[in-house]
Amino acid sequence: MADILSVLSVKFVLLVFLGSVAGLFVGAIPGLSVSMATALLVSITYTWQTNDALAMVMGVYVVGVFSGAVSAILINIPGAPSSVVTTLDGYPLARKGQAYKALYYATIYSFIGSVFGLVALALLAGPVSRLAIKFRPMDYFLLALFGLATVGSVTSKNYVKGLISAALGLIVSMIGLDPLVGTPRLTLGISQLRGGISTVPALVGLFGFAEVLSVIFDGHMSQTVESMGHERMSLREVLRHWKLSLYSSLLGTLVGALPGAGGPVAAFLSYNEAKRLIKKPEVPFGEGAVEGIVASESSNNACIGGALIPMLTLAVPGDAVTAIILSVFYVHGLKPGPMFIRESASSFHAILLASFIACGALLVLGLLVAPRISKVISVPKNILLPIVTVLCVVGAFACNNRLFDVGLMFVFGLVGFLMRRRGYPAAPMVLALVLGKTMDSNFRRAMALAAVADNPLVSLFGHPITAFLLVCTVLVVLSNIPFFKRLTHRKKA
Amino acid sequence: MKKLGIVLLALVLCLGSALALAEYPDRPVTMIIPYAAGGTTDVYGRTLAALLEEQLGQSITVVNQGGASGSIGSQYVYDQPADGYTLLVCAETMGTYRTMGVCDLGYDNFTVISPLVGDPKIIVVGKDSPYNTLEELLAAIKEKPGKVTMAHSGPGGSGHNQGLVLGVFGYDVAMISFDSGNAALLGVIGGQVDFTNPNISTLGSYIESGEVKPLAVFASERLEAYPDIPAFTEVVPEAEKYLDIPYTVLTFCVKAGTPDDVVAALKDATKTVLASDTWQEFVRKNAANRIFEQYTTDEEIKGFYDHWQSVVCWMQYDAGVAPVSPETYGIERP
Numbered sequence: 001m002a003d004i005l006s007v008l009s010v011k012f013v014l015l016v017f018l019g020s021v022a023g024l025f026v027g028a029i030p031g032l033s034v035s036m037a038t039a040l041l042v043s044i045t046y047t048w049q050t051n052d053a054l055a056m057v058m059g060v061y062v063v064g065v066f067s068g069a070v071s072a073i074l075i076n077i078p079g080a081p082s083s084v085v086t087t088l089d090g091y092p093l094a095r096k097g098q099a100y101k102a103l104y105y106a107t108i109y110s111f112i113g114s115v116f117g118l119v120a121l122a123l124l125a126g127p128v129s130r131l132a133i134k135f136r137p138m139d140y141f142l143l144a145l146f147g148l149a150t151v152g153s154v155t156s157k158n159y160v161k162g163l164i165s166a167a168l169g170l171i172v173s174m175i176g177l178d179p180l181v182g183t184p185r186l187t188l189g190i191s192q193l194r195g196g197i198s199t200v201p202a203l204v205g206l207f208g209f210a211e212v213l214s215v216i217f218d219g220h221m222s223q224t225v226e227s228m229g230h231e232r233m234s235l236r237e238v239l240r241h242w243k244l245s246l247y248s249s250l251l252g253t254l255v256g257a258l259p260g261a262g263g264p265v266a267a268f269l270s271y272n273e274a275k276r277l278i279k280k281p282e283v284p285f286g287e288g289a290v291e292g293i294v295a296s297e298s299s300n301n302a303c304i305g306g307a308l309i310p311m312l313t314l315a316v317p318g319d320a321v322t323a324i325i326l327s328v329f330y331v332h333g334l335k336p337g338p339m340f341i342r343e344s345a346s347s348f349h350a351i352l353l354a355s356f357i358a359c360g361a362l363l364v365l366g367l368l369v370a371p372r373i374s375k376v377i378s379v380p381k382n383i384l385l386p387i388v389t390v391l392c393v394v395g396a397f398a399c400n401n402r403l404f405d406v407g408l409m410f411v412f413g414l415v416g417f418l419m420r421r422r423g424y425p426a427a428p429m430v431l432a433l434v435l436g437k438t439m440d441s442n443f444r445r446a447m448a449l450a451a452v453a454d455n456p457l458v459s460l461f462g463h464p465i466t467a468f469l470l471v472c473t474v475l476v477v478l479s480n481i482p483f484f485k486r487l488t489h490r491k492k493a
Numbered sequence: 001m002k003k004l005g006i007v008l009l010a011l012v013l014c015l016g017s018a019l020a021l022a023e024y025p026d027r028p029v030t031m032i033i034p035y036a037a038g039g040t041t042d043v044y045g046r047t048l049a050a051l052l053e054e055q056l057g058q059s060i061t062v063v064n065q066g067g068a069s070g071s072i073g074s075q076y077v078y079d080q081p082a083d084g085y086t087l088l089v090c091a092e093t094m095g096t097y098r099t100m101g102v103c104d105l106g107y108d109n110f111t112v113i114s115p116l117v118g119d120p121k122i123i124v125v126g127k128d129s130p131y132n133t134l135e136e137l138l139a140a141i142k143e144k145p146g147k148v149t150m151a152h153s154g155p156g157g158s159g160h161n162q163g164l165v166l167g168v169f170g171y172d173v174a175m176i177s178f179d180s181g182n183a184a185l186l187g188v189i190g191g192q193v194d195f196t197n198p199n200i201s202t203l204g205s206y207i208e209s210g211e212v213k214p215l216a217v218f219a220s221e222r223l224e225a226y227p228d229i230p231a232f233t234e235v236v237p238e239a240e241k242y243l244d245i246p247y248t249v250l251t252f253c254v255k256a257g258t259p260d261d262v263v264a265a266l267k268d269a270t271k272t273v274l275a276s277d278t279w280q281e282f283v284r285k286n287a288a289n290r291i292f293e294q295y296t297t298d299e300e301i302k303g304f305y306d307h308w309q310s311v312v313c314w315m316q317y318d319a320g321v322a323p324v325s326p327e328t329y330g331i332e333r334p
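Residue numbers (the working numbering), protein chains in the order written: chain A, 1 to 493; chain B, 1 to 334.
Keep in mind the hints are simulated off the structure, nothing from the lab. One or more of the hints may lead you astray.
Chain B stretches covered by chain A per the calculated footprint, using a threshold of three residues with CB under 8 Å from any CB of chain A [what the hints assert, rightly or not]:
no.	segment
1	42–50
2	54–68
3	101–108
4	170–180
5	211–219
6	232–245
Only some residues are given here: those of chain B computed to face chain A with a beta carbon under 8 Å [what the hints assert, rightly or not]:
no.	residue
7	G156
8	A183
9	I189
10	G190
11	Y206
12	E208
13	K285
14	A287
15	I291
16	Q294
17	H307
18	G320
19	P323
20	S325
Distance condition first, Cα-Cα at most 25 Å in a straight line; then the derived DSS-like pairs of lysine-lysine [stated by the list, open to error]:
no.	chain 1	residue 1	chain 2	residue 2
21	A	K279	A	K485
22	A	K437	A	K134
23	A	K335	B	K147
24	B	K127	A	K134
25	A	K335	B	K302
26	B	K267	A	K335
27	B	K213	B	K142
28	A	K134	B	K285
The model shown is predicted, which means the values in this text are computed figures rather than measured ones. Where a beta carbon is used, it is the ideal one built from N, C-alpha and C, also for glycine.
One chain only, chain B, in its complex shape:
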């Protein structure tokens, strides 16, 4: 009798877990945003969560767990079971945690459901700046090495990383770290710093109000929304190799080792969301890079993150920004 009971119990448990697997998600899901409410990651994460809820048929609770460049929240997700009930929307710092000595996490520890968006950056100077074109600015940097100042959004952040590209091509600028992209922009508007490279999503109205002069899109292509601003590579063609990737990269992922069927269910739902009018309209309004359409297959996604990691980690290490060599983690030189 007792044996029968155990067998029955085992059967019920098996059946139960099989059903649970078949029906992901069968309970509310948590999405961790590893940054404070109000930032770009938060805004995109919440938009994604709201649309994803409709597809998954379960509520998604968005939790902000900020701190240490997003590594606290990312670590939390990594410490949870790999069952697809704790989602993560992270920024590009995930690719540089290890070499910056922040923590031991990298993109390899997570399974990317989809890249989301990149935020293009524009090189701007204040309205009273003597520089009117990118050529003039670059000439001034060449003339007084180490004297022209560039404000960026924070150490090891996207603005800083992209600024390092200048150093690769022999433009020696004095990098000044600020607490956020907006604070860096204010430094330029207030006339304390010569130039900066803010995200287009926050810059928009400053161009219209004439408070800053946009000199170039810091990328290899012009932007649809601002066709008159030249691309950086039009002036420095050899920078193509470094500027064909976005420097602000938002990624939607789960912990590595999450069951394949759960990942598949999330990918399907996310695909529908990313094609929806609401999402498309939101991305268009923010003039963001559409990397979610650029990299869709598993190989493309892996290729993109590997390439990104290799370019940025080595550039940081060569410039003395990152203390740990990328070689330690088997990241090859680009």
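The following block holds chain A by itself, in its conformation from the complex:
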């Protein structure tokens, strides 16, 4: 304990807080992402002391993941893929004039999720990383497939439309250099497509620009939201969902610890679980159920601690942000790996301490800002939309410094707009885009391994984790087929 506190100084706390404020803004502004901000910080903090750099980066990370929910709730544009699920119930709630309530829940449960994940990091880094190593290529594929199978049922009343959206996303994710052969595919001879479709322009287009187009098309330009409710909430009332939150946090930590899956999968899985477990929410899911916000925000913030586990103990980043934090380590001469927590104890403590302080900052900033920022929902659309459009362009450009990505953003905006008009949800497409490359390469890797194994079938499916994931996936798909739905209903009756 004394070791941990030796890192602590006024400067340290201030830097974490500064990072937190920065994280609040980049996370909440659609298009500006946390990974972008941390990448910028790598250059700024290059000459700093290691602990100072870590303090700032962790502040941005923890609060940035939370504040993706702010824009998701207020303007239906998630700040990052992991906040996509928050839009499902957050935005409907805001439209009913309860933006403050939605933000309050998001703040409280992001805090709980973050703390849960970080406690797991502090206490269970070893065992969790050993579990992560047990995941085979087939398991990563199945986990992603499971995520996509659930997403259809989560985001739309029409399961098939959800799956079609996911399939579209998968096709788009195949564009670029083949991960196993290394030659270009589906690039149509356009050299800029060789790099594949980045997530940010797609996300910003599908949610941000598509929203702008929809509002213009519907002609609701000057319409403001119905009266702002400012209902008083007792903490006891809000904390009623602690069981769901802990379960979601657990899922978030575990999924976060698996490299490549990360926040969006965790949020979708938790949301699906919440839907399964809570039969009678006060408000139906998708129309402003606070349980949806609880599940999504607890799990995506718990991913922070989860994603740090493989980064610190295996030097494999769990998501885009930890990949950049890894470079902060290398730049400062630190070597994450199996010996890291033992050998560089002081840096490990600095990370933990900075993260916990950032959790505090999250709570303070969230509660301070929520009542003020929730007024954004009442800003007339003819003022808000031009600003959103500019941010969409800036965000798409900034993600890889290419004008090409801005063009992509517009294309995705148009696609998203058309999908909306026909009732196809955009969320499965985003998730499929994030997961497609992993699915593709892991499935083919599993096949390559099976091809040279003595018994191909055992190599593919003969492991407990694989079998478990396979059963889960099959069950999700079956439970959504009308025939089986009728069957289970009849049994109950």
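Given the coordinates of chain A, assemble chain B onto it according to the supplied hints.
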């Protein structure tokens, strides 16, 4: 009067451009890293940029422009004017873009300011592996051709290329592609793949923690930092011809056609940086190959890249990894 004005304007412009040439750099410089932040290229590029800033007296903005094995960022640099204001730190994929069918760029399209470092690779197996020496591993490969699995960092990448050397000498291994060197290493630690050849810069602590058994340095010489690990050529001497080059090669370059005085200014500044204590210490800590000291004159540098390109491109083509024949680009067989 009007004529005088034009003459004066022309004079001023000439003078201005002459001054600009004499004073490179007179405005901030951009350095493109064609990979995402966090990788080896990024880390070395940023270290170089920070030290180079002090020498050039202008700030250097490092921009990560990743994608398609670094070809997106490299193409961007190639599309900029050849004025020395857009620098590039690239990896070895530059030598194989054309034959892999990725894009039309090669080392010839750029002027190398200096090679930076190579990252040595080590052949490792998991701690529970039945193989304890390189001889045992090679014997097993001979015994069951195509059944022993090797994880590598990605198609056409350094780990893959080096693994192809095994095939040249009749060791038929099943190559399994992963998303990164670290992911390949985890495949071995998790017991899914038999062996891999990670960069020493990422491997260090795994040797100490005992999670992997190092069998050999995949090169023609042992490493200073690990004198007990034998070199691959001690067991397979005939591989010397393929292993006297590093397979991970970082290079600092500008677009070909950049004015000579700008190149000279960059070379001078870079020379000072590479000799500095900070750089030397950084390279030592990472146990990297010091190719920046090995190849310094223009002939040596050109000779090195030509040789590298010829060895690797032909090996890839012969193994069926590269779809385009190196002959198409006039690359001769080694």
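For each hint, the structure was consulted:
| no. | hint | in the structure |
| --- | --- | --- |
| 1 | 42–50 | holds (count 5) |
| 2 | 54–68 | holds (count 8) |
| 3 | 101–108 | holds (count 3) |
| 4 | 170–180 | holds (count 6) |
| 5 | 211–219 | violated (count 1) |
| 6 | 232–245 | violated (count 0) |
| 7 | G156 | holds, 4 Å |
| 8 | A183 | holds, 6 Å |
| 9 | I189 | holds, 6 Å |
| 10 | G190 | holds, 4 Å |
| 11 | Y206 | holds, 6 Å |
| 12 | E208 | holds, 6 Å |
| 13 | K285 | holds, 6 Å |
| 14 | A287 | violated, 11 Å |
| 15 | I291 | violated, 20 Å |
| 16 | Q294 | violated, 24 Å |
| 17 | H307 | violated, 22 Å |
| 18 | G320 | violated, 10 Å |
| 19 | P323 | holds, 6 Å |
| 20 | S325 | violated, 14 Å |
| 21 | K279/A with K485/A | holds, 16 Å |
| 22 | K437/A with K134/A | holds, 21 Å |
| 23 | K335/A with K147/B | violated, 34 Å |
| 24 | K127/B with K134/A | holds, 15 Å |
| 25 | K335/A with K302/B | violated, 34 Å |
| 26 | K267/B with K335/A | violated, 31 Å |
| 27 | K213/B with K142/B | holds, 21 Å |
| 28 | K134/A with K285/B | violated, 31 Å |
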